[in-house]
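Listed here are the chains, written in short residue letters.
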Amino acid sequence: MPLPNASPPWKQNAAGAETRTAAWLTLWRSRDLITFFALRDLRVRYKQAALGVVWVLLQPIASVVIFTLVFGRLAKISSQGIPYPLFALLGMVVWTYFSTATVRGSEVLVNNSQLVTKVSFPRIAAPAAAMLPPLVDLVVSMVLVALLMVFYQVSPTWRLLATPLWIVVLVLAAFGMALWLSALNVRYRDVQHAVGPMMQIWLFASPVAYPSSLLSGWHEWLYALNPMTGVIELARWSVLNTPWPGWPLAVSLGTVAALLTGGLAYFRRAERSFADVI
Amino acid sequence: MDVVQFDRVSKRYVLGQRLNAREALTAAAAAVFRPRRELGRELWSLRDVGFSVAEGEALGIVGRNGAGKSTILKILAGITAPTTGVSRTRGRVAALLEVGTGFHPELSGRENVYLNGAILGMSRRDITSRFDEIVDFSGVERFLDTPVKRYSSGMYLRLAFAVAAHLEPDVLVVDEILAVGDAEFQRKCIGRMQEAEQEGRTLVFVSHDLETLTKICPRSLWLEAGEIREAGATATIVRDYVVSGLLPTADGTAPLQSERVTVHAMRVVPEIEQASDALLRGDRLRIEVDFEVTEETPGLDLALVLTTAAGVRVFDELLSDTTLMRLPVGNYRAKLVVPPLLNVGDYTAGIWFGTQYEDFIDQPVVASFTVQGSVSYRSERLLVLSLPLVVQPLDAAS
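Those protein sequence lines, which keep their order, are chains A and B. In terms of our numbering, the first sequence opens at residue 13 and continues consecutively. In terms of our numbering, the second sequence opens at residue 971 and continues consecutively.
No wet-lab data here; the hints were simulated from the structure. These numbers were taken from a predicted model, which means no experiment stands behind them. In this text, a Cβ means the ideal position worked out from N, Cα and C, and glycines have one as well. Incorrect hints may appear among the rest.
Unchecked claim - From the structure, some residues in chain B lie toward chain A, with a derived Cβ separation under 10 Å: (1) V973; (2) D977; (3) K1044; (4) A1047; (5) I1049; (6) R1060; (7) A1065; (8) L1067; (9) L1077; (10) Y1084; (11) M1092; (12) S1093; (13) I1097.
To be verified - From chain A, some residues computed to sit far from chain B (all C-beta separations above 12 Å): (14) A34; (15) V66; (16) L70; (17) I73; (18) A87; (19) L147; (20) V155; (21) V162; (22) P176; (23) L215; (24) S225; (25) L272.
Here chain A stands alone, though its shape is the one from the complex (with noise of 0.2 Å):
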């Protein structure tokens, strides 16, 4: 096959020269990696798992039973009007996603550092890529939810169509955690025993097992700095018709976006001594 006449630009690669191209382009390009990456992840996850799917459901079901002996018959916590098994399984379906995507991500260049030493692909597809395998995680388990609301006869309206809005931000809060912890991972591997307990206290800053509204002052203005805050807030109003989250919700999106551009430029610096120091 001959070559193509015109002359491609010069391509450099010189210390501190950083990627120019913008993160989405990257993103963009990269997206067929991106989609084979996590094509392989599912799977081998679903490879020899006989039970497979099942092992989706399991963690949030128990998590829930849990919550309602604990939070709901004990505590007797508010559940908004809404029963508190629904109230909680929703809330532990967004954070099972939320978990998992970083989770996963922190891990993911560390368990691919073979690659990355040896071949030059868009390193932020590797982050990206971690974070759809456990949307279908979710979207199974959005299933459940939707047959305990047939069961509590909880009936969605409209605000059900602002489902793709509220996964929208989920993802983005996951994915801006995954960029901060896998690139911190890459030098300091101290982050892959840290995800673990930090990921369990932050279950519970955030309102999976009871409603935001048990705070007040400026507890909730701390609280509402907590993404997951606003996420789940507004993934309840959506499909469970809970009260609208309010200005906590602007504050919960502002770090998602801090989170986000902030993982952004640091991944951005850090990818470039990757291959040296992982």
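Chain A is already provided as a structure; the job is to place chain B on it using the hints.
Below, chain B without anything else, positioned relative to chain A:
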């Protein structure tokens, strides 16, 4: 027109700097009080290396292990950044530093072709349009839907190379990949690289296989300790490189070392001790290697390699070809007596240590020597076998 320019590139690695967060904090705190304290030992993998490659040219790179060859390739490919200096490339660069990186054992051959193609920078459409070619080249069409973990290592390598071979880049960068795989695989690889060259692609090729290098690349660099020692026509470079292999490691030069084996010395001497150490045509030679096994290694094997100054391998003799011998931890001397076969000329002896699965030391150029003798010997032949040539008259009458 140049498509690759390396402009005074240096690359520094800091050794032993595997910090965890606590050490990093301590170091940062210490730096406040004692600024500019070095954290680890530095290693300059490249120092002020400059060269350029014109469009359609094939450049070879030779050098001993650790000379910085792979670092050049990694910088060219954009995997790592130089510490100072600039590397410029024009067009799409495809680097093949290792065969099969990114293959997943659980996925089928077909799935791996797509995954690997995408990792190497092909779009789904590119891969689909070249899929048949790739499968054809690899010769594994019957097993396309089998997970690659069930492949033989030969099939695995062929499929992996096939994907990389169909990238159709402007600049193809290839590291020592021919060290793996059987003769047929190597022939295919070399053939494919020659094809790429004929198609006008630019090629940068690192190899210990000097014969192949000479075949593919008209021009070469010789890299030593991170610097260019010589650049020019490959035939000249290879010759100088091989002759420089005069490294009597007993003379205080760093020993060849791996985690499991250390080579202390290598000598080539006349088999019968003489007043002078000159090696004469017609004498038997003895190649001796003193080595130490420092870690118990099942299946440890060694080979002595003899190469001409032009890079043609004369023979390699593997221990396990003739005997079964375990090599527990300890010191050894290996001896190989070579019958008087070699013609007058320059040669090098080298050594390989490894197991069936892994190379520990692979240094075809350790000690070089000259076989001396009467100039009346016809120099164009490599071996003087003195085989009896039988001539019989063919009597038309009988």
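Results for each hint:
1. V973: holds (8 Å)
2. D977: holds (9 Å)
3. K1044: At about 7 Å, which falls below the 10 Å cut-off, the nearest Cβ of chain A leaves the hint on K1044 of chain B intact, so it holds.
4. A1047: holds (5 Å)
5. I1049: It holds, given that the least Cβ distance between I1049 of chain B and chain A is near 5 Å, below 10 Å.
6. R1060: Since chain A brings a Cβ to about 5 Å from R1060 of chain B, closer than 10 Å, the hint holds.
7. A1065: holds (7 Å)
8. L1067: holds (5 Å)
9. L1077: It holds, given that the least Cβ distance between L1077 of chain B and chain A is near 6 Å, below 10 Å.
10. Y1084: holds (6 Å)
11. M1092: holds (8 Å)
12. S1093: holds (5 Å)
13. I1097: With Cβ-Cβ at 8 Å, under 10 Å, it holds.
14. A34: The assertion about A34 of chain A holds, with a minimum of 18 Å to chain B.
15. V66: holds (20 Å)
16. L70: The assertion about L70 of chain A holds, with a minimum of 23 Å to chain B.
17. I73: holds (28 Å)
18. A87: Per Cβ check, A87 of chain A is outside 12 Å of chain B; nearest 37 Å; holds.
19. L147: At roughly 19 Å from the nearest Cβ of chain B, L147 of chain A sits farther out than 12 Å, so the non-interface label holds.
20. V155: holds (27 Å)
21. V162: holds (38 Å)
22. P176: holds (25 Å)
23. L215: holds (24 Å)
24. S225: Holds, because the least Cβ-Cβ distance between S225 of chain A and chain B comes to about 38 Å, which exceeds 12 Å.
25. L272: holds (24 Å)
Consistency with the previously given hints is maintained throughout, with no hint failing.
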